[in-house]
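Protein sequences appear in the order of chains G and A.
For what it's worth, numbering that gives the first Met the number 0 labels the leading residue of the first sequence as 0, then goes sequentially.
For what it's worth, numbering that gives the first Met the number 0 labels the leading residue of the second sequence as 0, then goes sequentially.
Keep in mind that the hints were calculated from the coordinates and are not lab data.
Check the hints yourself; a few may be wrong.
[Claimed, not checked] Straight line, CA to CA, 25 Å or less: simulated DMTMM-like cross-link-like pairs of lysine to aspartate or glutamate:
| hint | chain 1 | residue 1 | chain 2 | residue 2 |
| --- | --- | --- | --- | --- |
| 1 | A | Lys111 | A | Asp173 |
| 2 | G | Lys46 | A | Asp173 |
| 3 | G | Lys33 | G | Glu52 |
| 4 | A | Lys44 | A | Asp173 |
| 5 | A | Lys152 | A | Glu5 |
| 6 | G | Lys41 | A | Asp173 |
| 7 | A | Lys225 | G | Glu52 |
| 8 | G | Lys56 | A | Glu145 |
| 9 | G | Lys38 | A | Asp173 |
| 10 | A | Lys18 | G | Glu66 |
| 11 | A | Lys225 | G | Glu53 |
| 12 | A | Lys229 | A | Asp42 |
| 13 | A | Lys82 | A | Glu5 |
| 14 | A | Lys229 | G | Glu3 |
| 15 | G | Lys33 | A | Glu222 |
| 16 | A | Lys149 | G | Glu39 |
| 17 | G | Lys54 | A | Asp173 |
| 18 | A | Lys225 | G | Glu39 |
| 19 | A | Lys80 | A | Asp146 |
| 20 | A | Lys44 | G | Glu39 |
| 21 | A | Lys8 | A | Glu189 |
| 22 | A | Lys18 | G | Glu3 |
| 23 | G | Lys46 | G | Glu66 |
| 24 | A | Lys225 | A | Asp173 |
| 25 | G | Lys54 | A | Glu5 |
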Amino acid sequence: MINEIISMNGYGSYVWSAFSFTLISFVALYFVTKLQLLKEQKRFASKFGSLNEEKTKAARSQNINIEILSNTSKI
Amino acid sequence: MFKYFEPNKIYAITSRAPKYVLFLFIVVLTIGLTESLILSPEDYKQSEAVRIMYVHVPAAWISLGIFLGLALMSIGSFIFKNKNFALISKSLAPSGFIFNIIALVTGSIWGKPTWGTWWAWDARITSMLILALFYGMYLLAWRIYEDNNKAIKVTSMIAILGAINIPIIKFSVDWWNTLHQPSSINILSETSIHISMLIPLGIMTAAFALFSLLIFLMKYNTELIKVKNKGLDRL
Numbered sequence: 000m001i002n003e004i005i006s007m008n009g010y011g012s013y014v015w016s017a018f019s020f021t022l023i024s025f026v027a028l029y030f031v032t033k034l035q036l037l038k039e040q041k042r043f044a045s046k047f048g049s050l051n052e053e054k055t056k057a058a059r060s061q062n063i064n065i066e067i068l069s070n071t072s073k074i
Numbered sequence: 000m001f002k003y004f005e006p007n008k009i010y011a012i013t014s015r016a017p018k019y020v021l022f023l024f025i026v027v028l029t030i031g032l033t034e035s036l037i038l039s040p041e042d043y044k045q046s047e048a049v050r051i052m053y054v055h056v057p058a059a060w061i062s063l064g065i066f067l068g069l070a071l072m073s074i075g076s077f078i079f080k081n082k083n084f085a086l087i088s089k090s091l092a093p094s095g096f097i098f099n100i101i102a103l104v105t106g107s108i109w110g111k112p113t114w115g116t117w118w119a120w121d122a123r124i125t126s127m128l129i130l131a132l133f134y135g136m137y138l139l140a141w142r143i144y145e146d147n148n149k150a151i152k153v154t155s156m157i158a159i160l161g162a163i164n165i166p167i168i169k170f171s172v173d174w175w176n177t178l179h180q181p182s183s184i185n186i187l188s189e190t191s192i193h194i195s196m197l198i199p200l201g202i203m204t205a206a207f208a209l210f211s212l213l214i215f216l217m218k219y220n221t222e223l224i225k226v227k228n229k230g231l232d233r234l
């Protein structure tokens, strides 16, 4: 049964390479996108941390900034 | 109407959604892979090589759908002058490009056992390659232009021009004598694929659509944070 699935009537190399290429592309794109997101979140957190009290208050008035910070703290 | 879709309002949703979409994607992909690699029958002509269809066809459909989305968003961006359209298009493009490459590569792998060649300058294959070039130009333009307004204009022009290629891809198999087979699935007429193959094809298409949604959400969140980073600089 396993041999049949692997050999696929002699077409195994074609079928498995097509599926492998697809899955490897998925994994690569997922991790590249994830890394870009984490990098941008960290940049945001460090910039936010360097703001003075007045600017921090102004930045905190926007809900989205708080949301980004709360996601960053989960990294 | 657009005020309900403002980035500030939807970030709470887009930042939480990826983990649920990832879970759903893994579940649907696992079912899809089991169906397409083990449970679905072999073809009487192509034998087991037909299984490549379950990655090739959904990838081609989704890359075409995403490019159509880019073109519509670009038109919307010109008409409504809403930058969120550009942000959505920019976030959709990477997965569309990857699906285009997957369609080309898996098509080439499928071509060897069925046609006896890895590549042919056939109308369908060549027009898909042109689509990949448009995707490449679109993504490059976002990197090249630092001025955001100029980047939006150039990328929108690329997307609208590239959209002319979409009907050419769709009807290339009817307009010219091609090595590529005509469509087996038609919305308006009878489908020539058996239900036992249509089910795995549908599940794999759903899995691929979920993956493109996942990448879109992650990329969209990245772009929103970039905008907010610039906002902090202006404070």
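Each hint, compared with the structure:
1. A/Lys111 x A/Asp173: Holds. A/Lys111 to A/Asp173 sits at ~23 Å (cutoff 25 Å).
2. G/Lys46 x A/Asp173: violated, 56 Å
3. G/Lys33 x G/Glu52: violated, 31 Å
4. A/Lys44 x A/Asp173: holds, 22 Å
5. A/Lys152 x A/Glu5: holds, 21 Å
6. G/Lys41 x A/Asp173: violated, 52 Å
7. A/Lys225 x G/Glu52: holds, 22 Å
8. G/Lys56 x A/Glu145: With Cα atoms ~30 Å apart, G/Lys56 and A/Glu145 exceed 25 Å; violated.
9. G/Lys38 x A/Asp173: violated, 47 Å
10. A/Lys18 x G/Glu66: The given pair, whose Cα atoms are some 16 Å apart, holds under the 25 Å limit.
11. A/Lys225 x G/Glu53: It holds: about 22 Å lies between the C-alpha atoms, which stays within 25 Å.
12. A/Lys229 x A/Asp42: violated, 55 Å
13. A/Lys82 x A/Glu5: Judged against 25 Å, a Cα distance of about 10 Å means the pair holds.
14. A/Lys229 x G/Glu3: Between A/Lys229 and G/Glu3 the Cα gap is close to 57 Å, so the pair fails against 25 Å, i.e. violated.
15. G/Lys33 x A/Glu222: It holds: about 12 Å lies between the C-alpha atoms, which stays within 25 Å.
16. A/Lys149 x G/Glu39: holds, 23 Å
17. G/Lys54 x A/Asp173: violated, 62 Å
18. A/Lys225 x G/Glu39: holds, 7 Å
19. A/Lys80 x A/Asp146: Within the cut-off at roughly 16 Å; holds.
20. A/Lys44 x G/Glu39: violated, 51 Å
21. A/Lys8 x A/Glu189: Cα-Cα ~44 Å, so violated.
22. A/Lys18 x G/Glu3: violated, 36 Å
23. G/Lys46 x G/Glu66: Distance ~15 Å between G/Lys46 and G/Glu66 Cα, so the pair holds.
24. A/Lys225 x A/Asp173: Status violated; Cα separation ~45 Å.
25. G/Lys54 x A/Glu5: Given that 25 Å is the threshold and the Cα spacing comes to 23 Å, the pair holds.
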